[in-house]
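Novice: Chain residues, written in single-letter form:
4 protein chains.
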Amino acid sequence: MQPKFTPSEMMEFLNEVFPQVRGDYAIDHLDGETVTMRLFTADHHLRPGGTVSGPSMFALADITAYVATMAPIGKEALAVTTNISMDFMRKPEAGRDLIAKGTLLKLGRALAVTDVLIYSEGTDKPVARASLTYSIPPSR
Amino acid sequence: MQPKFTPSEMMEFLNEVFPQVRGDYAIDHLDGETVTMRLFTADHHLRPGGTVSGPSMFALADITAYVATMAPIGKEALAVTTNISMDFMRKPEAGRDLIAKGTLLKLGRALAVTDVLIYSEGTDKPVARASLTYSIPPSR
Amino acid sequence: MQPKFTPSEMMEFLNEVFPQVRGDYAIDHLDGETVTMRLFTADHHLRPGGTVSGPSMFALADITAYVATMAPIGKEALAVTTNISMDFMRKPEAGRDLIAKGTLLKLGRALAVTDVLIYSEGTDKPVARASLTYSIPPSR
Amino acid sequence: MQPKFTPSEMMEFLNEVFPQVRGDYAIDHLDGETVTMRLFTADHHLRPGGTVSGPSMFALADITAYVATMAPIGKEALAVTTNISMDFMRKPEAGRDLIAKGTLLKLGRALAVTDVLIYSEGTDKPVARASLTYSIPPSR
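Chains as they are written, first to last, in this note's numbering: chain A, 166 to 305; chain B, 166 to 305; chain C, 166 to 305; chain D, 166 to 305.
Each hint should be verified, as a subset may be incorrect.
[Claimed, not checked] If you want a taste of the chain B side facing chain C, the calculated C-beta under 8 angstroms gives, among others: (1) Val182; (2) Thr246; (3) Ser250; (4) Met254; (5) Arg255; (6) Glu258; (7) Lys271; (8) Asp280; (9) Pro291; (10) Arg294; (11) Ser296; (12) Ile301.
In short, the hints are calculated from the structure, not lab data.
Fair warning: this is a prediction, and the values are worked out from it, not measured in the lab.
Every residue gets a Cβ at the ideal spot worked out from N, C-alpha and C, and that includes glycine.
All chains should be built: construct the whole structure from the sequences, respecting the hints.
Specialist: Shown next as structure tokens:
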């Protein structure tokens with residue numbers, strides 16, 4: 166599917182909708198089916214020891230699935246997370262950005278399902294995986 | 166099971182292990198099988214509109230399961246989150262603390278499973294549910 | 166909520182909708198919010214060694230959540246499973262029925278979420294837990 | 166990783182361990198990281214209407230993850246399912262085999278995580294996705 170956003174339009178849209186995370190993320194790639202998001206790992210994402218915290222990985226998975234869901238439907242729609250399952254498999258490496266690769270597996274009228282794999286930049290074994298369901302309420 | 170911590174010993178332990186969330190949580194109840202945690206909802210937990218953010222609810226579920234897991238085994242052990250599944254069911258009410266009720270369903274030698282229900286304080290319909298697996302590496 | 170089925174009306178309805186499992190289940194309790202289902206453990210539910218198979222526990226969790234969802238809305242509606250997460254925590258005991266306790270946590274217009282705990286009859290430690298989302302398509 | 170089984174050795178092993186499903190499955194591909202399993206869809210896998218039942222898809226996901234986990238470690242080991250999350254996204258097409266593609270995301274000493282996508286043969290949109298954790302108890 167053709168995305169309804171360029172990466173920079175999507176970033177602008179995210180900054181409007183989630184102003185509190187402005188500056189934390191970049192979109193490295195975006196089409197109508199897959200998305201690659203980058204978390205600029207900073208001190209407030211870390212646990213003691215330098216590893217990225219669980220909530221920061223959750224937030225990255227969530228925003229990646231949100232971008233994958235909104236890309237083909239456009240900004241008029243609403244979408245809210247209803248379900249996530251997530252496996253934490255390895256420790257992220259200290260001092261590296263996290264790279265999340267999202268794949269939109271289903272875009273239905275009411276529900277969208279996205280798979281996400283998260284990597285420490287430059288490594289090929291995922292630190293975490295997630296799958297998320299977004300609910301798309303009927304537009305008025 | 167008899168818990169190896171009083172609530173205030175557990176809070177002290179949490180403040181050591183997760184200094185970055187100091188002041189965010191209280192333990193309203195703790196025994197060897199159930200725990201009630203409170204999130205003092207503050208501005209940095211909110212999304213625009215005043216609702217508590219997904220990552221803040223994730224963090225509350227995660228710390229609740231951590232406390233439920235550590236209570237009967239004591240602070241010598243290590244425990245890391247390996248899996249979470251979470252359903253977001255209702256919008257938290259603005260201006261209220263979140264109350265998480267955790268139940269330790271299984272404490273094995275290697276894995277512990279905890280169920281968590283999250284409520285806006287003073288309401289009886291859960292805003293979210295989660296189940297989490299903590300892995301307990303063998304001690305040396 | 167008041168259920169729209171008595172237990173025997175619900176069993177009759179299940180036998181119509183899932184004729185292939187006729188005789189496998191009983192409803193021990195049913196109200197508009199909780200349900201207790203019984204799996205009459207038989208040879209075709211077992212793995213070598215006498216323990217109940219994973220697919221049989223999945224099927225029990227699924228039908229329990231279906232009953233919990235349909236009880237308050239009535240048989241005109243459709244409901245299909247969209248998501249399950251399940252933890253297998255202990256081995257079921259050989260030669261005992263399984264008892265599933267379902268709690269309807271949310272009944273929205275489009276989605277229903279049910280928690281299920283499964284026990285070997287007569288024991289108080291759950292062998293498995295599950296949470297399921299049913300999608301309720303809009304009626305025409 | 167080099168698998169410790171050829172596909173036909175693995176099928177023989179499955180037939181020993183799960184004699185009750187003999188004849189239901191084939192292994193179309195197997196290496197040390199990915200596996201493709203085929204469910205020969207038969208009457209006992211179907212719901213009224215001809216679609217494959219939830220428990221049959223669960224069983225397919227479970228055996229696929231089992232094969233992915235055992236392939237690199239060999240038959241001396243034990244492995245038991247501890248967690249599954251599964252999304253049902255589309256109705257399987259009547260009269261077609263199901264094809265499950267499993268990817269082993271992590272093989273640790275104690276836990277293995279596998280992602281599975283399930284397709285109706287000859288179609289490219291998944292009917293379901295699953296992720297499974299297998300626990301590998303320490304060998305004696």
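Novice: Let's test the interface hint: is any C-beta of chain C closer than 8 angstroms to that of Pro291 of chain B?
Specialist: holds (6 angstroms)
Novice: Hint validation: Arg255 of chain B versus chain C, beta carbon distance must be below 8 angstroms. Holds or violated?
Specialist: Since chain C brings a Cβ to about 7 angstroms from Arg255 of chain B, closer than 8 angstroms, the hint holds.
Novice: Please check whether Ser296 of chain B passes as an interface residue: C-beta within 8 angstroms of a C-beta belonging to chain C.
Specialist: holds (6 angstroms)
Novice: Does the nearest C-beta of chain C fall within a distance shorter than 8 angstroms of the C-beta of Lys271 of chain B?
Specialist: Check passed: Cβ of Lys271 of chain B comes within 4 angstroms of chain C, closer than 8 angstroms.
Novice: Under 8 angstroms is the threshold here; is the Cβ of Thr246 of chain B close enough to any Cβ of chain C for the hint to stand?
Specialist: Constraint on Thr246 of chain B not satisfied, violated at 14 angstroms.
Novice: With a cut-off of 8 angstroms on the beta carbons, see whether Met254 of chain B makes it to chain C.
Specialist: This hint holds: Met254 of chain B lies near chain C, its Cβ roughly 4 angstroms from the closest one there, short of 8 angstroms.
Novice: With a cut-off of 8 angstroms on the beta carbons, see whether Arg294 of chain B makes it to chain C.
Specialist: Status holds, d = 6 angstroms.
Novice: Against chain C, run the beta carbon of Val182 of chain B and see if the smallest gap drops under 8 angstroms.
Specialist: violated (25 angstroms)
Novice: With a cut-off of 8 angstroms, does the beta carbon of Ile301 of chain B approach a beta carbon of chain C closely enough for the hint to hold?
Specialist: Interface hint status for Ile301 of chain B: violated (14 angstroms vs cutoff 8 angstroms).
Novice: Is the interface hint for Ser250 of chain B satisfied, with its Cβ closer than 8 angstroms to some Cβ of chain C?
Specialist: holds (4 angstroms)
Novice: Under the criterion of a CB-CB separation shorter than 8 angstroms, is Asp280 of chain B in contact with chain C as hinted?
Specialist: holds (6 angstroms)
Novice: Under 8 angstroms, Cβ to Cβ, is where Glu258 of chain B needs to be relative to chain C, so tell me if that hint holds or is violated.
Specialist: violated (16 angstroms)
Violated hints, in rising order: 1, 2, 6 and 12; the structure is consistent with all others.
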